[in-house]
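Read off the chains here:
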Amino acid sequence: MCDQMKKKKVRLSSSDAYLYLIPFIIGILVFRLMPFIEAFRISLFQERIGWPEPVFVGFGNFEEILFGESMNGVLFRDSLAVTFRYVFLTVPLVLVVALFIAFILNFKLKGIGFFRTAFYIPSILGGSVSIAILWRAVWGNQGLVNAFLGVFGIDPVGWMVQGGTALIVISLLRAWQFGSVMLIFLSALQNVPLTLYEAASIDGAKKWRQFFTITIPIITPTILFNIIQLMVAAFQEFNGPFLVPTTPGGPGTSTLLLNIFIYQRAFEQGNFGIAAAASWVMFVLIMIATLMIFKFSNKWVFYND
Amino acid sequence: MQKKNVLGFALLTGILFILAACGNGDSDVTVEPDPTAPTDAAIEDPNLMGLQGTIRVSWWGNEGRHDATKAVIDLFIEENPGVTILPEYGVFEGWQDRITADLLANSTSDVIQLNFNWLTLFSPFGTTFMDLEDPRITAYLDLSNWTADELNMTRTNGILQGVPVGMTARVPFLRTDIYEAAGLDVHEIHTWEELMAAGNAIQAYHGNDVFALSPLGRQSLAYMVYSYLEQLTGRPFIDDDFELNHTLEELTQGFQLIQDFLDNGVIPDLQFDSDPINAQNPLWISGAYGGVSEWDSSINAWIGNLESPDVVRIRPHFTMDGALNSGWLSRPSMVWGIAQHTEYPEVAAAFLEFMLTDQRAVEILQTDRGVPMNTAGRAHFDALNLDNLVIDAVALHQNAETVTFHPMLEFPNVREVIESRLEAIQSGESTVSEAAQFVYNNLQAEINQHLVD
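Read top to bottom, the protein sequences are chains A and B. Taking my numbering, the leading residue of the first sequence gets 1, the next gets one more, and so forth. Taking my numbering, the leading residue of the second sequence gets 1, the next gets one more, and so forth.
Among these hints, one or two may not hold up.
Unchecked claim - Across the chosen pairs, the derived CB separations fall in these ranges:
1) B:Gln259 with A:Phe225: 47 to 55 Å
2) B:Asn441 with A:Val55: 20 to 28 Å
3) A:Pro52 with B:Asp263: 44 to 52 Å
4) A:Phe107 with B:Ala101: 48 to 56 Å
5) B:Asn441 with A:Phe225: 46 to 54 Å
6) B:Gln259 with A:Met34: 48 to 56 Å
7) B:Arg136 with A:Ile25: 29 to 37 Å
Bear in mind the hints are in silico, worked out from the structure with no lab data behind them. This structure is a prediction, so every number in the text was calculated from the model and none was measured. Every residue gets a Cβ at the ideal spot worked out from N, C-alpha and C, and that includes glycine.
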């Protein structure tokens, strides 16, 4: 029987592999690369619905958003600042929360399966309208958080209607959905050799010391991966600031992330040249940030090899 | 080594743009396919042939409007068995974004309900939508039901891009229960000063968490300022040459109105209410707000959520002593257009004619799109003798001297300049003079972006 199975085994050549890759490659070309290049072409034109011919403006759209005094320029730079604040707020927050929960869930506790599922569920819910309504119910003026604070005699806080706190509320929504990052950490934690902990215990190392001198260094490649993907996702955040505040990106420009700016220019104003230019600036920023993280990663990321 | 770096960079680039391209494609649009497809017999029978073709009709609105419009479609199909109409409808929120995407992809529905300002936004040269004076259209759509002035409102570059459905304006409506408890008669509140006094009286009686009006919202705040400045100066905010029509001092006076509202308990600051200011707003329903200023066509939705809808009274626009203008700013409530790419312009035109002027269609639609403007539709509408607050509200501004709202004031970037600053005053992030200076410095440049040399 075993011999028969072996006989049926087919060896695939590299050309077969490419054959299987074709659908993926076509998808990448049509749905990723082409829009990517097309967006760059559009960014060089003043292109608007209802206007007869797009006008070639070179890098004029880039100049307008980066240095111009028009609302496009002012708001783009505002949104850039807001986006950086959001990234610096969200990425460490999600990283720390996810790692902490994963660390706890890595212990052999009773009913651990239930807790793992419970912590993962918010990630499945995504950034839908229903979640936005839930978040308003939690952080609204008459919401759950203020009701809780009221128990201690603390006056209600306008979490979502004050520029200073609205971004934090949006950031907490992302932090609440830490399940995927937590799972990746959990899987990394489970791959840390137990013998290292045993040796450390024999040498008298406490749990916290084991965590910082064994666990963290060994999972640094996973931390790097999570930082990169969290950062890219944070730069691209859309649903939270679009759905949760009373006005998308509001109050004022306090939650006007880059993607909201791009969306408003393109689909509310029909100004595709500006939107495309802003998209490319966002791409370049993500690229630079990623390269920098990679460049400095050799100082703190440890690979087994 | 160099090769490895180049490859690594290429891979990184690839990964990044794959990650960067991830998006979201939620949609809240309802598409109903093929309500009653014509039978083969009907198509083959020359007596029943008449109009033939399949068209898509799109609109935004509430459930009432959806049901009424679908009933009109069914009636039209019943009379034109060779026609199939596919309805596409949804709520207003996000509808403009959908239209933008459709226009970009040249896939708009054949018959489109449009917001007034979308004509100039999407069709500044009069080329995006079909010219409704095209003989294929006028053979079915009787344009003599509108006056030349009415049709001029929906022309861009001299080309008729749509037909207006009715006129609308933002109308104040006040709750007698809130005002009367504070010893006020809503019928005695005419001027801005009286409104300020009412705000103080309401807070003195009800406490600091009850206000004469709702927070209004960005757009409604701006409308208040436009009205106030027109009454004060007799001039519209933007003139016929697309120029800002007020001095810095006048703008400051206009913006001071919002600060006065805040200081006199007329409206709360932005931190007071974290819910959207709409008909479902919990504080409006619970009685924290003594009134709102909203589109006349939405009145039924606003009062429908109250425990006692009969406490609401529609009021004329607030005014001032020596006002040079009524302050009513009216505009076409909505416009029907026909897509440039439609294969069946005759069917589209015939359907519009039926929906807007047929007696049965008018009876079905009632006030779901406000009060009809076209003479045939209006005659049928008047014959219905409806008892509806929308009709009373429309009568208020219809019988007053109104100024047609400049469509440029609804362009998103123009609105952004003005409304963001008014919101900043309401949130306490900006002083009146800072806000006025910002608008004075930046508005014209934003208007100019839409002008053709």
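44 to 52 Å as the expected CB spacing between Asp263 of chain B and Pro52 of chain A, which holds or is violated:
holds, 50 Å
Taking 48 to 56 Å as the stated bounds, is the beta-carbon spacing between Phe107 of chain A and Ala101 of chain B within them?
holds, 50 Å
Distance restraint evaluation - Gln259 of chain B, Phe225 of chain A, Cβ atoms, bounds 47 to 55 Å
holds, 52 Å
Hint says 48 to 56 Å; check whether the CB-CB distance for Gln259 of chain B and Met34 of chain A agrees.
holds, 52 Å
Return holds or violated for the Cβ distance of Asn441 of chain B and Phe225 of chain A against the range 46 to 54 Å.
holds, 47 Å
Is the distance from the Cβ of Arg136 of chain B to the Cβ of Ile25 of chain A consistent with 29 to 37 Å?
violated, 47 Å
Val55 of chain A and Asn441 of chain B - C-beta distance against the hinted 20 to 28 Å:
Holds: the Cβ-Cβ distance is about 26 Å, inside 20 to 28 Å.
Violated hint: 7 only; the structure is consistent with all others.
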